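Q: The sequence shown begins at 129 in my numbering and counts up by one.
By construction, these hints were calculated from the structure, which means they are not laboratory data.
Any given hint could turn out to be false.
30 Å max Cα-Cα, derived BS3-like pairs, lysine-lysine [stated by the list, open to error]: (1) Lys339 to Lys244; (2) Lys282 to Lys172; (3) Lys339 to Lys240; (4) Lys240 to Lys304; (5) Lys314 to Lys179; (6) Lys276 to Lys339; (7) Lys339 to Lys300; (8) Lys314 to Lys244; (9) Lys304 to Lys244; (10) Lys215 to Lys314; (11) Lys172 to Lys300.
Predicted model, so just to flag it, every value in this text is computed and none were measured.
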Amino acid sequence: MKYPVNFEQALINNPSPRCPCMLLLDTSHSMSGAPIDELNRGVKQFINELKQDEIAAGSVELGVITFGEHVSEPQEMTAIEDITAVKTFTTYGRTPMGRAVETALDALEERKASYKAHAISYYQPWVVLMTDGAPTDEWQAAAERLLKLSAQGKVMVLCIGIGDHANMQVLKMFAKKNVFRLQGLKFNTFFSWLSQSMQRVSASNPGDGVKYPDAGGWASIA
């Protein structure tokens, strides 16, 4: 999906501080069936809940990168209020997680440069990585890059393992903290938590500390 309006014009029309949220979603073959169905429902719910919050709808920008047979960007980074449709994710292929992370970080760097060029303030970007397995490509350099940005306070990283076969030890190479296993298929509960977190961030001032909702309803500590 392309931008509903020219991005330059969108910044003029809506100069609100931006809160970028990048979802990296595993769409490999092993996610077939109930997992991908629940993931699709969860993402749509996430967007709909944020649209109910006027501040969050104008501040939170959502990007989605999927990784299955290929790394794709079905949702370019766009303000929630401007998202009119969400592509339904389908499953196929392997798990090129490393390339997905690199693609996401490149997109975020490009977006932050645009914010700066237009004097738009922004909150620490969120990178949410969800997988039910382990990478099938070279991933170490991507993990190191993500860890470095997190240590510098430039991104907030959240890694979610789905199901019993998610390699939690590998996920811990992408994030030193905030690594969880999803309880069952509680995608809806997770995305409600994420939307509440985004609402709290967008209601704060950039750089302020934010107290996030309790994750106990969906998370098991890895």
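Q: Given the hinted pair Lys339 and Lys300, is their Cα-Cα distance within 30 Å?
A: 23 Å, holds
Q: Run the distance test for Lys240 versus Lys304: straight-line Cα separation, threshold 30 Å.
A: 24 Å, holds
Q: What's the verdict on Lys339 and Lys240, does the C-alpha distance respect the 30 Å limit or exceed it?
A: Within the cut-off at roughly 24 Å; holds.
Q: Going straight from one Cα to the other, do Lys314 and Lys179 come out at no more than 30 Å?
A: 21 Å, holds
Q: Are the Cα atoms of Lys172 and Lys300 separated by 30 Å or less?
A: 28 Å, holds
Q: Check the hint pairing Lys282 with Lys172 against an upper bound of 30 Å on the C-alpha distance.
A: 27 Å, holds
Q: Measure nothing beyond the straight line between the CA atoms of Lys215 and Lys314; if it is 30 Å or shorter, mark the hint as holding.
A: 21 Å, holds
Q: Hinted pair, alpha-carbon criterion (30 Å max): Lys304, Lys244. Please report holds or violated.
A: Within the cut-off at roughly 28 Å; holds.
Q: Need the status of pair Lys276, Lys339: alpha-carbon distance at most 30 Å?
A: 23 Å, holds
Q: Hinted pair, alpha-carbon criterion (30 Å max): Lys339, Lys244. Please report holds or violated.
A: Status holds; Cα separation ~27 Å.
Q: Can you confirm whether the C-alpha distance between Lys314 and Lys244 stays at or below 30 Å?
A: 37 Å, violated
In the structure shown, a violation is registered for the earlier hint numbered 8 alone.
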